[in-house]
Each structure stands twice: as structure tokens, then as C-alpha cells.
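A.B. asks: Full structure from sequences and hints, please.
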Amino acid sequence: MGSSGQARFIRLGETSRARIALTVDGETIEALEGDSLLVAILTARGRLRRSEFGPEARSGFCLMAACQDCWVWTADGHRLRACDTPARAGLSLVTEQPELSWPNRA
Amino acid sequence: MAEPRIIIVGAGPAGIRAAGMLVAAGLRPVLLDEGQRDGGQIYRRQPEGFTRTPEQLYGTEAARAVALHQSFERLKPQIDYRPRHLAWNVADGVVHTISEGKPGQFAYDVLIIAAGATDRLLPVKGWQHAGVYSLGGAQIALKAQACAIGRKVVFLGTGPLLQLVALQYHKAGAQVVALLDTSPFLKQVLALPKLAARPAMLVKGLRLVGGLMASGMAIHRGVTPVEIHGEAEAGVTGVSVRLASGEIRRFDCDAVGLGYHLRPEAQLADLARCAFTFDAKTRQFWPEIDADGRSSVAGVYLAGDGVRTQGADGAEISGALAACAVLADLGRPVPEAERAALREQGRIMERFREGIAEAYPWPAHLAADLPDDAILCRCEGITVGELREAATEKGADEVNRAKALTRVGMGRCQGRYCGHAGAEIVAAATGVPLEAVGRLRGQAPVKPLPVAAGEVQP
Amino acid sequence: MTEPQRSDVLIIGGGIMGASAAFFLRQRGKSVTLIERGLIGQQASGTNFGNVRRQGRYLPQLPLANRSRAIWGRLNDLLGEDAEFLPSGHLRLAYTEEMAERIEQYGRDARPYGLELEMLSGNILRDRFPFLGPEIRAGSYSPLDGHANPRLAAPAFGRAAKRAGAAIVERAEVLSVEQEGGSFRAQTADGRIFRAEQMLITAGAWGSRLSQQFGEPAPLVVHGPQMAVTEPVPYALEPVLGIATTIPEEIIYLRQVKRGNIVFGGGIRGPASAETLRAYVKPENTLGQLSQITRIVPALRRLNVIRVWSGIESYLPDDIPIMGPSARVSGLHYAFGFCGHGFQLGPGVGDVMAELIATGQTSTPIEPFTIARFAGGATNQTGGHP
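Residue numbers (the working numbering), protein chains in the order written: chain A, 1 to 106; chain B, 1 to 458; chain C, 1 to 386.
Treat the hints with care, as some may be off.
[Said to hold, decoys possible] Where chain C lies over chain A, by a calculated footprint (3+ residues, C-beta under 8 angstroms): (1) 69-83; (2) 93-100.
[To be verified] Each computed SDA-like pair below joins lysine to any residue, with the alpha-carbon atoms no more than 25 angstroms apart: (3) K162/C - G395/B; (4) K394/B - A167/C; (5) K162/C - D397/B; (6) K102/B - R81/A; (7) K102/B - G270/C; (8) K76/B - S92/A; (9) K102/B - W309/C; (10) K258/C - W102/A; (11) K394/B - N149/C; (12) K125/B - L434/B; (13) K152/B - G216/B; (14) K102/B - G73/C; (15) K258/C - G77/A; (16) K171/B - R207/B; (17) K187/B - K152/B; (18) K394/B - G73/C; (19) K394/B - W309/C; (20) K258/C - D127/C; (21) K102/B - S92/A.
Calculated directly from the structure, the hints in this document are not laboratory data.
Note that this is a predicted model, so its numbers are computed, not measured.
In this text, a Cβ means the ideal position worked out from N, Cα and C, and glycines have one as well.
C.D. replies: Quick look at the structure:
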């Protein structure tokens with residue numbers, strides 16, 4: 001399975017909300033107005049990020065801003081906690097930790 | 001005395017009822033809440049634009065949820081309500097907040113902390129894989145976002161939430177592969193006398209069990225978790241447990257909801273220097289309070305699931321009682337008859353809480369028996385074996401020492417999800433009683449503090 | 001445990017000073033008992049920043065710091081454990097021309113002591129360390145300095161000393177010390193009695209409580225360092241970074257550990273109590289530090305702080321420690337009050353004190369640190385290590 005994987009979350013209703021488009025790792029995904037970033041990403045793909053200290057993909061855990069497992073990055077390097085950040089149209093996100101030159105790009 | 005500065009942290013059932021009682025007495029508290037909307041976790045509101053009815057969202061508790069939301073709407077103009085304000089620290093009579101990246105300070109004479117609870121977790125080998133969620137998390141996916149955490153879901157652990165979320169998932173149309181409860185059925189039978197303290201709640205619970213039986217999902221009680229199977233990239237692929245019969249059975253799934261009841265979010269109380277005490281029944285430390293919610297620190301009051309896991313109804317009562325204590329301590333008139341009734345209800349809630357704790361006990365032995373290669377700390381990727389080695393080979397028979405040597409509890413979640421299990425592992429490995437193994441000291445920030453906050457001085 | 005224990009040397013206080021002294025005394029064949037109120041390395045030794053820095057120190061302290069640095073370099077072999085020492089360089093930075101001149105002068109003054117520093121400024125500095133903020137004017141680079149994990153170092157010394165045969169007695173608070181018939185006697189709160197031919201007091205913030213029992217009080221005051229750490233990010237900041245400044249709010253130092261977290265501290269010190277054993281981080285100090293670390297490395301503004309902590313550090317009026325023999329009692333020695341910069345010195349202090357106790361002399365000069373300087377209530381030279 002590639003970096004995107006198949007969708008992890010399944011929508012069980014509330015699907016008549018307005019559609020919005022976001023970019024994740026360069027691919028456009030479709031989400032719904034009112035989605036959290038976490039739900040927007042996981043209804044399109046299988047993971048949010050990768051563990052810093054193990055080989056495994058991560059996809060959040062508590063969904064109530066307590067476990068801090070669901071951080072993703074904006075394309076320009078800012079961090080967002082996906083479970084309590086609303087998805088907004090046009091957001092561009094990356095799910096890989098920015099590379100070793102991060103401190104040189106203030 | 002001038003108008004006292006009263007701060008309530010948390011806009012869930014306890015915080016809202018405390019605010020209501022204070023407003024009724026002519027006071028105007030500040031209500032700080034991390035959430036976007038009021039209601040806390042249990043009566044969490046869905047975002048604007050969602051259309052499910054309260055009955056769909058809150059089931060048998062719909063009327064109470066609506067009542068709480070409505071009373072909050074009435075209160076709103078009479079309090080200083082600050083949503084999206086994380087209280088990240090408290091020191092010297094000031095609550096420090098962060099909101100939209102900006103730091104803020106709220107000085108207080110009276111502080112009521114109603115910070116709620118998070119899932120109480122116990123690791124299972126493989127729980128670090130993508131697709132494993134806390135039970136609370138699984139419920140939020142459904143309640144706040146109308147999603148299931150996977151195509152085929154297993155619920156594993158124990159506690160009232162385990163059964164409730166499993167049934168909610170089933171009713172919403174998700175495929176629940178199995179409900180795997182570590183508590184033997186006998187424990188629930190033995191707890192009946194205490195559970196009968198709240199007959200209506202007991203009936204709801206029995207109906208819930210009936211609903212589960214009728215759902216057709218596989219239900220096993222008295223199980224021992226063995227492993228959550230998974231692959232680094234694809235995440236969860238299955239769960240293996242040892243059934244009460246001794247048979248090891250594997251359930252294929254792509255998502256697991258995992259939890260062992262709840263634990264108080266007591267970090268703010270800790271930072272406010274409230275004393276903690278060990279509860280031998282639930283095997284955890286929690287803040288000391290008197291019957292009305294006074295902490296050991298003058299002017300600091302604790303209410304709701306953030307101090308004792310009584311559930312939403314108990315939280316409403318304890319919030320109102322804490323407000324009564326505030327009024328009494330400020331020398332203001334207290335609604336005596338109401339307080340007497342609240343205290344009586346509070347005693348019933350406490351008896352019921354004990355019943356739930358006995359019916360769905362924290363399975364300490366499961367932590368003690370975890371294999372060395374299981375990940376204990378999800379944040380830092382620390383294994384059970386590393387902690388055991390520090391405990392036995394390096395003399396770390398106290399949790400803060402074990403944390404210093406191994407990093408267990410040092411990650412982003414600050415030990416919320418590995419702390420209790422880590423203490424059990426240290427206790428079992430060293431033979432030191434859990435009470436002496438201690439608790440992880442609270443350290444600010446309560447949740448990550450953006451460095452950029454330093455650019456905006458309050 | 002009712003039998004009084006007897007050894008050649010009794011060490012009171014199991015921070016990095018006491019633990020390393022126990023280790024080096026065993027290497028010199030002395031029998032050692034180390035008594036610690038809590039656990040080895042639990043107070044200042046375990047809560048400090050973790051700097052293994054020589055540059056900026058009080059110049060007469062450099063021989064000791066050099067000796068210590070040499071031990072840091074072979075610490076893992078010596079102890080058989082990893083204390084995460086990383087000789088990744090130390091960069092001392094200046095915002096102003098005045099401070100740039102001062103660190104340059106320090107570089108000239110340090111050379112005779114064998115500490116070679118490299119002065120960098122302008123584009124050369126920025127090309128080499130492109131993460132530095134625009135306010136940084138100049139830097140002094142010490143290539144062989146670095147950092148280590150304070151949570152691990154002292155306990156590793158304690159375990160190595162134990163393996164080498166030292167008696168390490170934890171959770172035993174010494175209440176009284178005295179000389180009795182030519183030997184030393186210590187009694188713990190639980191009534192145990194320990195005796196030895198010589199005594200070394202390495203009790204940090206609690207050192208003066210013991211030294212005053214021999215008529216040598218020291219004017220210690222306690223403060224809590226204000227420490228914090230970010231979430232982990234890819235390892236990219238090699239040198240330890242510190243600001244040379246005379247403005248207390250501007251004092252800040254930071255380092256990135258190999259796992260990725262960035263540890264920082266500095267600024268206004270916080271409240272600490274040697275009585276309650278607690279020290280606190282003031283929230284406003286944390287916010288103040290945040291505004292300072294982004295002046296050094298602006299990219300840090302994207303990160304989050306996940307934990308703060310403090311500890312109990314003891315300071316003396318002249319900002320240098322007490323180290324050496326007692327001025328009044330033969331066979332009695334002190335090493336405490338390291339004024340917030342003892343971690344780097346720890347291994348060297350242990351080595352020097354072991355040499356002193358075993359041979360009666362030391363090949364490294366430590367005269368400036370004698371407790372005798374407080375005997376008349378007067379203080380002499382100031383240290384000045386920004």
C-alpha cells in the first residue's frame with residue numbers, strides 16, 4: 001500500500017454538507033464543510049503521519065486534543081493538530097515531518 | 001470584599017452547572033473552555049451544518065443534553081464565556097491561557113476546575129498501529145463527525161463506555177465485529193446492589209446490554225487481550241484475545257476502539273498544588289476533595305469527571321455543589337434546601353460510581369503481564385521491557401524516577417495514556433506497592449504550548 | 001543495618017559530584033560509603049540544562065573544566081553506560097558589538113588555558129549556521145564542547161561506583177555530622193550511624209547545613225532553573241547555543257538532543273525551596289523564554305513546548321563553587337554550591353576530590369574555590385559566566 005493507502009474512516013451520515021477541496025501531499029482530496037482536518041484526511045487516506053520513534057504510520061488516537069498523536073504540517077511548515085482544527089477549503093498539508101533543513105527555513 | 005474574581009475551567013456539565021448556580025447568586029464568573037462549543041465531551045455538540053437530532057446524538061440522554069445546552073444559552077449573556085481558551089498553566093492565583101496562539105492571564109480569587117476526563121488506557125501489544133483509537137475517540141468520530149473509525153471495528157477493554165459506543169456504532173450502521181470485555185460477567189452481577197443506587201440508570205444499562213445481545217455482534221466477557229495485529233503502513237489488521245474458555249481467538253478488523261473506563265484530567269489541579277490521594281479501589285491517585293468539592297488549597301474547587309468519574313449526571317451535581325461551597329466560603333447566602341438535596345444526590349452518584357468501578361474493574365494484572373516487546377509509551381516508542389529493566393536493574397521503583405531514566409511519560413501526551421499502566425508495571429516488577437510507586441507529577445503545559453505564543457506578550 | 005558502617009571515606013550527597021567522587025575513589029582503592037537523602041542525581045544534577053560547556057567560564061576554573069571534559073570524552077567506556085554525551089560544539093552568541101568584543105577578549109584570555117575558540121561573524125557565521133536569526137552579530141565556537149543527558153549521568157556514576165564496590169545508601173537523610181576521636185561520624189534520620197576516616201560533603205543546596213556543623217557555614221541561596229523542552233523534530237541543530245548578555249531576560253541557552261527534542265533554559269530564575277524540596281517554573285518566565293529562543297533560531301516559532309521543569313540549585317555570592325579541603329577540620333572536604341554550572345564540572349570534580357582525598361594534593365588548581373573565602377564574611381573575585 002502506498003503512502004496514501006485506502007480511506008480509514010467511513011462516513012455514516014451527514015453527507016449532504018457542502019464539498020470542499022484540500023491538498024494533502026500534493027494530491028487533491030475532497031472533504032465536507034464541518035469536517036475536522038483529521039476526518040477530512042482519514043476519509044480519503046489511511047494515515048496522518050509517521051511515528052518519530054518507530055516504523056509505523058499514525059492516524060490519531062483520542063480525537064479530543066489530549067494525546068497529541070495527530071499533528072500534521074502545512075505546506076509551509078506550520079503544525080496543526082488535526083483533531084481539533086476545522087478543515088478549510090484550499091488548505092495544503094503534508095504528512096511527512098519536514099526534512100533536516102527545517103531550521104534554515106524560518 | 002470587592003466582587004470576587006471567579007474562574008471556571010471547563011464548559012461541560014460540571015462547569016455549566018457551577019456557572020448557573022453562581023449566576024443565580026448574582027455573580028458573574030469567567031468560564032474558560034478549550035472547546036469550540038460548550039457541552040464538554042459527553043454532551044459535545046456537533047458542528048454547524050450537521051442535522052442529526054439530539055435523540056440520534058445522545059440516545060437516552062437526549063433530554064438532559066438539550067436541557068444543559070439550553071441552560072447554557074440562557075447563561076451565556078450573564079457570564080464571561082471564553083471558548084477556545086486552553087488553560088495551560090496555573091500559578092500564584094493566575095490561570096494562564098492560550099487562545100488562537102495568543103497568551104492570556106486570568107487572575108482569580110476562586111477557581112473551579114471542571115476539566116473532565118480522558119480514557120483510561122492500558123496498552124495491548126500492537127496498540128501503536130494506525131487504526132487503534134481510544135473509546136472516547138471512537139465515540140467522538142461518530143458523535144461529532146458522523147464517521148466510523150473503520151470498516152470492521154472491534155471494541156476492546158472494559159467500562160460502561162465500551163458497551164455504549166459499541167451499540168452506538170451498531171445503530172449508526174457501522175460493522176462491529178466484536179465487543180471484547182475484560183471484566184467477567186460475575187463482577188457486574190456482584191455490583192448490582194451498588195448499581196441499584198440509581199434504578200433508572202440501571203434499567204438503561206440493562207436495556208443497553210439487551211440491545212447489544214439483539215445486535216448480533218460477537219460479545220465476549222472476561223477476555224484477556226493478547227495482541228493487536230498490524231502492519232507498519234496499513235495499520236490494524238486484527239485483534240487476538242484469550243477467551244474466558246482459554247481459547248485464543250483472532251478477530252479480523254481494521255479498527256479498534258480501546259479503553260478501560262475514564263481517568264480524571266487532573267493536571268491543572270496538580271499545578272494549582274492540590275493534594276492528591278491514592279484510591280485503592282480504582283488503583284489511581286486523584287485530588288483530595290471534601291463532599292462539596294473543596295480541594296486542599298483554599299479557593300480552589302474541583303468538580304465533575306475531572307476529579308471523580310461519576311458521569312454526566314454526577315458532574316452536574318458536583319458542579320452545583322462546588323458552586324455552593326464557593327458561595328458559603330465567600331460568606332454569601334447558600335440555597336440550603338437545594339444544597340441538601342444535591343448532597344443527597346451526590347451520595348447516590350458516589351455509590352453508583354463505586355458500583356461501576358467494581359462491575360468493570362481496572363485489570364491491573366494485564367499491565368503486569370504485558371510482554372517486554374510491547375510498546376508502552378506511544379509518544380516516545382518506549383517498550384514495557386525498557387521500563388521493567390529500569391525498575392529492576394536501575395532501581396527505578398518510583399514512577400518519576402522511571403520516567404527520568406526511560407522517558408516513559410515524557411512525550412507529547414505527558415503520560416496521560418501510559419502513566420497508569422507504567423506504574424502497574426513498575427509495581428509488579430519491583431514488588432513495591434502501587435501507592436508507593438507513586439504518580440507522575442504534573443508539569444506544565446497541560447497541552448503543547450506554541451513557541452510563537454512568546455511573540456505576543458499578554 | 002544497625003551496625004555502624006565504617007569506610008575510608010564517607011560522602012554525603014549523591015549528586016553528580018558525590019557519585020563521581022565515589023567512583024574515582026574506588027578507582028584509587030579507597031573504601032567508600034555514599035549517603036543520599038533521595039535518589040542519586042535527583043536534584044540539581046538531574047534537572048539542569050545538560051551543558052558540557054567550557055567557554056565563558058571563570059578563567060581560573062578552566063583547568064578543572066578541561067580535566068572534566070577529558071573524562072566526558074571517555075565516559076561511556078569508563079562507566080559502561082551511555083550518558084548521551086554529544087561533543088557537538090558550543091556556540092556562544094552576541095547581539096551587540098560590545099558583547100562581541102567581550103567574547104572575542106574571552107577567546108584570547110582562554111587560549112593560555114588550552115581552550116581554543118573560533119571567532120565567527122557576519123556571513124561566515126551565517127553560512128556555517130544558517131539557522132541563526134538576523135539579530136545575531138557574532139559567535140564564539142568551541143568545537144569540543146557539547147551536551148549530555150543530566151537525567152542519566154549522575155545515576156550512571158552511582159551505578160558504576162556501586163559495581164566498583166562503593167556502598168550507595170539511598171533514601172537516607174543525614175541529619176548530623178561530627179568528628180569523633182579522629183574519625184568522622186554521620187547519623188541519618190532513621191538512626192543509622194556511619195563512620196569514616198575522611199568525609200566529603202557534596203550536598204548541593206544542603207551543603208551549608210552540614211558544613212556549619214563544623215563551624216564553616218556558607219552563604220548559599222537557592223534558585224530554580226527554568227527549563228523547558230519542545231516536541232521532537234529532525235536532528236539539525238548541532239551546537240549548543242547560548243547568548244552572552246548582561247541583560248537577565250536575554251539569557252537563554254538551547255540544545256537539540258539526538259532524538260529531536262530541543263531543550264532550553266535561562267532568563268529569570270524561579271522560586272525554589274531547600275525545605276520543601278520543590279522548585280517551580282513561573283509561567284511568565286516560560287513565555288519570556290519563548291520570545292528569546294526565536295531570536296536565536298527563528299524557525300523554532302513553529303514548534304510546541306511539551307514540558308517545563310525546575311530543580312533546586314544553590315548559588316554563592318561570587319558565583320563560583322566551594323571545593324577543596326575544609327579550612328578548619330583535617331580530613332574533611334567540600335564540593336558544593338556550583339551556582340548553576342556544575343554539570344560539566346561533575347566528572348572532573350569527582351576525579352580531583354578523589355585525588356585530593358587519596359593523596360593529599362591535586363594536580364589541578366582549585367584554590368579559588370576554598371570555603372575559607374567566606375570565613376570572614378567577605379567575598380573576593382566574581383566569576384561572571386554569562
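A.B. asks: Hints first: check each against the structure and report whether it holds.
C.D. replies: Hint check results:
1. 69-83: holds (count 4)
2. 93-100: Held - the segment 93-100 of chain A has 4 residues with a Cβ nearer than 8 angstroms to chain C, which meets the minimum of three.
3. K162/C - G395/B: holds (12 angstroms)
4. K394/B - A167/C: Cα-Cα ~15 angstroms, so holds.
5. K162/C - D397/B: It holds: about 18 angstroms lies between the C-alpha atoms, which stays within 25 angstroms.
6. K102/B - R81/A: holds (16 angstroms)
7. K102/B - G270/C: Distance ~23 angstroms between K102/B and G270/C Cα, so the pair holds.
8. K76/B - S92/A: Between K76/B and S92/A the Cα gap is close to 36 angstroms, so the pair fails against 25 angstroms, i.e. violated.
9. K102/B - W309/C: Roughly 22 angstroms between the alpha carbons, so the hint for K102/B and W309/C holds.
10. K258/C - W102/A: holds (15 angstroms)
11. K394/B - N149/C: Judged against 25 angstroms, a Cα distance of about 16 angstroms means the pair holds.
12. K125/B - L434/B: Measuring from Cα to Cα gives roughly 22 angstroms; hence the hint holds.
13. K152/B - G216/B: The given pair, whose Cα atoms are some 14 angstroms apart, holds under the 25 angstroms limit.
14. K102/B - G73/C: Not OK: K102/B and G73/C at ~44 angstroms, beyond 25 angstroms, violated.
15. K258/C - G77/A: holds (21 angstroms)
16. K171/B - R207/B: holds (14 angstroms)
17. K187/B - K152/B: violated (29 angstroms)
18. K394/B - G73/C: holds (23 angstroms)
19. K394/B - W309/C: holds (23 angstroms)
20. K258/C - D127/C: Holds, at roughly 23 angstroms.
21. K102/B - S92/A: holds (24 angstroms)
Of the numbered hints listed earlier, those contradicted by the structure are 8, 14, 17.
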